[in-house]
Structures are given as structure tokens and as C-alpha cells.
Amino acid sequence: MPEPTDIRATVLMVEDNAEVLMFGATVLEEGGYAVITATSADEALRRIHAGERIDLLFTDVVMPGGLDGAALAVAVGELRPGTPVLLTTGWAERAAELVGDREPWPLIGKPYRSIDLLRKVEALLAGK
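So the sequence shown is numbered by our numbering: it starts at 1 and just counts up by one.
Rather than coming from a laboratory, the hints here were simulated on the basis of the structure.
All figures in this text were calculated on a predicted structure; none of them were measured in a lab.
Any given hint could be a false lead.
Said to hold, decoys possible - Here are the computed distance ranges between Cβ atoms for each label pair:
# : residue 1 : residue 2 : range
1 : I115      : T10       : 30 to 38 angstroms
2 : I115      : R46       : 28 to 36 angstroms
3 : I115      : D42       : 26 to 34 angstroms
4 : I36       : S114      : 16 to 24 angstroms
5 : R53       : G127      : 12 to 20 angstroms
All C-beta atoms in this analysis are idealised placements derived from N, C-alpha and C, irrespective of residue type, glycine included.
Let the sequences and hints guide you as you build the complete structure.
Shown next, in the form of C-alpha cells:
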């Protein structure tokens, strides 16, 4: 596990499936990122409103409750302009339908490989 001084950025990971959340958070932490987890968009927004540092939002598109991942991404963009967003879904072939005409955020399909997640996060944080 990296030392706290080795932390590169803080990722807010939002995922309603506990196993997927644990896997993704572990991959990101082992990649040197601090990870804040939430199991719903509402919980993620509470963390943002509480002032938690967020350098990147990594969220599932389809989640139970009021807001889906794309709506959360819009809200984060309003609250923290310029925050990079990475969406994930097990329904990658339906991503355009699920996200609609909202901003075309990058997407990683589930299941994803550790290296693919780390590469996408690194590229987004580098502004690529």
C-alpha cells in the first residue's frame, strides 16, 4: 500500500454493488490513489457537500434511487467544475441510451481489468 505522501489524487467511486466497489477501490488504492466510496449518488453528493477533496468521479451509470451516474456527473460538474468523470456500466452496448444527450463522458465497461481502469484514470487526471 502506498504511503500517504505517495497519494496521487483522490477518486470518488460510486457503485451500488459491494463486490465491484471493493474491487475497484482496491485497484485504485494499490495504484496510489486515495479512494472515497459511496453506494449511491445521494451519498456521493453528501460527501461532496461535506467538502471532501475529489479529483475524479468514477461512477456506475445504473444505480437504484433518485439519481443515476450521468445525473451525478452533471451535479458534480456544477458543484466542482472541471472535475474529470469516468462512467462504468455492465450495459456498455446501451451506454448512449443510458446517458442520453448529456455530455459524452468516457466509459469503461464492466467487467474491467485493473490495468485498464488505472490507465483510464491516469489519462483523465492528466487531461488526455
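The hints, checked one at a time:
| no. | hint | in the structure |
| --- | --- | --- |
| 1 | I115 - T10: 30 to 38 angstroms | violated (21 angstroms) |
| 2 | I115 - R46: 28 to 36 angstroms | holds (32 angstroms) |
| 3 | I115 - D42: 26 to 34 angstroms | holds (31 angstroms) |
| 4 | I36 - S114: 16 to 24 angstroms | holds (19 angstroms) |
| 5 | R53 - G127: 12 to 20 angstroms | holds (18 angstroms) |
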